[in-house]
Amino acid sequence: MIRDLFSSTLDVLHKTLDLRQQRHTVLASNIANAETPGFIAKDLRFEETLRAAATPPQPLPLRQTHPEHLPLIHPTSIRNVQGTLVATPSDDVGHDLNTVSIDREMAKLATNTLHYNASAEILSRAFDQLKRTVSETQ
Amino acid sequence: MDMMAGLQVSFSALNAQRTRMNVIASNLANAQSTRTPEGGPYKRQEVIFAAQPQGSVFEGMLNEQRRDGVNAVHVLNIVSDPNGTRLEYEPDHPDANAQGYVAYPNVNVMREMVDLISATRAYEANVTAINSSKDMALRALQIGRV
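Sequence order for the protein chains is A and B. Using numbering that gives the first Met the number 0, the letters of the first sequence map in sequence onto residues 0 to 137. Using numbering that gives the first Met the number 0, the letters of the second sequence map in sequence onto residues 0 to 145.
Think of the hints as simulated: they come from the structure by calculation, not from any bench. Hints are not guaranteed to be accurate.
Residues from chain A shown here face chain B by an in silico Cβ test under 8 Å; the list is partial [as the list claims (entries may be wrong)]:
no., residue
1, 35
2, 38
3, 133
Distance windows between CB atoms, simulated [claimed, not checked]:
no., chain 1, residue 1, chain 2, residue 2, range
4, A, 46, B, 102, 51 to 61 Å
5, B, 107, A, 120, 42 to 52 Å
6, A, 101, B, 112, 14 to 24 Å
7, A, 131, B, 133, 53 to 63 Å
8, A, 53, B, 136, 47 to 57 Å
9, B, 86, A, 101, 33 to 43 Å
10, B, 18, A, 128, 49 to 59 Å
11, B, 133, A, 101, 16 to 26 Å
12, B, 14, A, 83, 24 to 34 Å
13, B, 76, A, 101, 19 to 29 Å
14, B, 136, A, 131, 20 to 30 Å
15, B, 36, A, 88, 47 to 57 Å
To give an idea of the chain B side of the interface with chain A (calculated C-beta under 7 Å), a few residues [to be verified]:
no., residue
16, 5
17, 9
18, 48
19, 52
20, 68
21, 69
22, 72
23, 121
24, 124
25, 131
26, 135
27, 136
28, 143
For every residue, glycine included, the Cβ atom is placed at its ideal position computed from N, Cα and C.
In isolation and in its complexed conformation, chain B is listed as follows (with noise of 0.2 Å):
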């Protein structure tokens, strides 16, 4: 039972970290747009992780010294990043103002990059975890076995 436990929580960090990985994805797509349904330009956006506790109310009570300290992670939000945005001088391009500055979404290229980085390293720890709690599950399965 709390081997599956320990595989739900990486389970979890595994989504998490390619929800992520989509937004940092959706972020280098746009760094260029200067249109969106909202009007203006396209604003970076950013996930926020929480942990959650594991298991449910009444395993949890049952069992509370064993539950304890084991959290599941889930995106809680994915906000805007509310810095400005970058002006740059073009009179040609048809989203200038009138002082021929046009208004570029706030992503940093080189950012998102190391964030890409970050967030596939996390995804491979958490492949390293559950092909650890799996190691450890067939191991369990040989007891006995001659």
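The following block holds chain A by itself, in its conformation from the complex (with noise of 0.2 Å):
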């Protein structure tokens, strides 16, 4: 029971603020170097991977038969996911060869701030959740 409590909810929670603030240190280094001659663009892809993991197929599950086996990792668990690093591909490269689109990254950046603020606003509402199950008993 105390496994549903906790539930999957606050793993994917807990990853996408991880992949969020790597895609935010990737976006900050993009508007950082917008004016290095030859630099590329780069985004972190995550969001199909994590959607995927957090939908598992249940075909014939692996289970964990004995205390002592060790614990299953399943290639696409949700603690597993990983960002991909991705060249943004860009139309309009000067002639110092930099592929930066400041307004673009910046709208980027805005984005993934509002998400990530959203991820750690229901993450908080998950745990008063908790604490409310826990307390209404006594």
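Need the complex rebuilt from these two chains, each delivered in its own frame; the hints are there to steer you.
Laid out in structure tokens, this is it:
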């Protein structure tokens, strides 16, 4: 039962915050190098992988039948989701071969921060809910 | 830890842009300087930015995947613009040559102003990125606080 209490929601949120933070660093690096000749803008992609991991297919799952067994690490387990770095294509590359578009990067940064804050808020409420569940019984 | 990396990257850009602004200010201030310690008129200066991969070597080995794609920026060098000087006919000027022409610096004030605006905008973009980092860190600290 206690496993149900700490459901995969927390795992997903934890991973989301982690990946969004990594993406933020990559975007900040793009903005910092907006005028560096030859710099190629990058982005961290993880949303598809995370979504796939959050809704795993269920046929014949592997089971731990003995407590001494090594813990199962499913390849698509949420904890193992990693972002992939991709180069952002650009339509207007100047003479300095820099592919950073400052408007696009700022928009991405703002969206990413909003998503991060939203996830943090949901995580806060999840904990709030847990706390309420625990204290209501007293 | 990663949040600090983001901040460091943005700080490096603030530093670089500020250096660029100083160089532009120096170009503007010396737009009419006909004498320099090296002799001849002032030469327009230009900064060269270079990307610098983040994280120590050890950290990079341990955490290669994560640090990939994160680059700070630093000023690699400040070079003189080799383009020729601007000649103006002023026979009364003490620095005029035999034909009565004075060699003025190769500084184009309009170009410098455009560069200055560009540097200011880049600086502001990085300040925004720092504020985002700060907001995210603060928000993370509030998790679990009811």
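Here's how the hints hold up against the structure:
A least Cβ separation of about 4 Å between residue 35/A and chain B falls short of the 8 Å threshold, and the interface hint therefore holds. Taken as an interface hint, residue 38/A checks out: its beta carbon lies about 5 Å from the nearest beta carbon of chain B, inside 8 Å. For the restraint placing residue 133/A at the interface with chain B, the shortest Cβ-Cβ distance is roughly 12 Å, beyond the 8 Å limit, so the hint is violated. The supplied range of 51 to 61 Å is met by residue 46/A and residue 102/B, whose beta-carbon atoms lie about 60 Å from each other.
Distance hint check for residue 107/B and residue 120/A: the Cβ-Cβ separation is about 51 Å, which falls inside the suggested range of 42 to 52 Å. The hint said 14 to 24 Å for the Cβ distance between residue 101/A and residue 112/B, and at roughly 19 Å that hint holds. A beta carbon spacing of about 30 Å between residue 131/A and residue 133/B contradicts the range 53 to 63 Å that was offered as a hint. The hinted range of 47 to 57 Å is not satisfied by residue 53/A and residue 136/B, whose Cβ atoms lie roughly 25 Å apart.
Between residue 86/B and residue 101/A, the C-beta spacing of about 38 Å keeps the proposed range 33 to 43 Å intact. At about 50 Å, the beta-carbon gap between residue 18/B and residue 128/A stays in the expected band of 49 to 59 Å. Judged by the Cβ atoms, the range 16 to 26 Å given for residue 133/B and residue 101/A holds: they are separated by roughly 20 Å. Judged by the Cβ atoms, the range 24 to 34 Å given for residue 14/B and residue 83/A holds: they are separated by roughly 31 Å.
Between residue 76/B and residue 101/A the CB atoms are about 24 Å apart, so this pair conforms to the stated range of 19 to 29 Å. With their beta carbons about 27 Å apart, residue 136/B and residue 131/A fall inside the hinted range of 20 to 30 Å. Between residue 36/B and residue 88/A the Cβ separation comes to about 48 Å, which falls inside the hinted range of 47 to 57 Å. With 7 Å as the threshold, the beta carbon of residue 5/B comes within range of chain A, its nearest partner Cβ sitting at about 4 Å, so the hint holds.
Of the supplied interface hints, the one on residue 9/B holds, with its beta-carbon coming within about 5 Å of a beta-carbon of chain A, less than 7 Å. Proximity of residue 48/B to chain A holds as hinted, the smallest CB-CB distance being about 4 Å (cut-off 7 Å). With 7 Å as the threshold, the beta carbon of residue 52/B stays out of range of chain A, its nearest partner Cβ sitting at about 9 Å, so the hint is violated. Interface hint at residue 68/B: satisfied, since its Cβ lies 4 Å from the closest Cβ of chain A, which is below the 7 Å cut-off.
Taking 7 Å as the C-beta contact cut-off toward chain A, the hint placing residue 69/B at the interface holds, the least distance being around 5 Å. Taking 7 Å as the C-beta cut-off, the interface hint given for residue 72/B holds, the closest approach to chain A being about 5 Å. Using the Cβ-Cβ criterion of 7 Å, the hint placing residue 121/B at the interface with chain A is satisfied: the shortest such distance is roughly 6 Å. At about 5 Å, the closest approach between the beta carbon of residue 124/B and any beta carbon in chain A falls short of 7 Å, and the interface hint on this residue holds.
At about 4 Å, the closest approach between the beta carbon of residue 131/B and any beta carbon in chain A falls short of 7 Å, and the interface hint on this residue holds. The interface hint given for residue 135/B holds, since its Cβ lies 5 Å from the closest Cβ of chain A, which is under the 7 Å cut-off. With a cut of 7 Å, the hint placing residue 136/B at the interface with chain A is violated, because the nearest CB-to-CB distance is about 9 Å. Below 7 Å, beta-carbon pairs count as interface contacts, and residue 143/B has one with chain A at about 5 Å; its hint therefore holds.
In the structure shown, a violation is registered for the earlier hints numbered 3, 7, 8, 19, 27, in ascending order.
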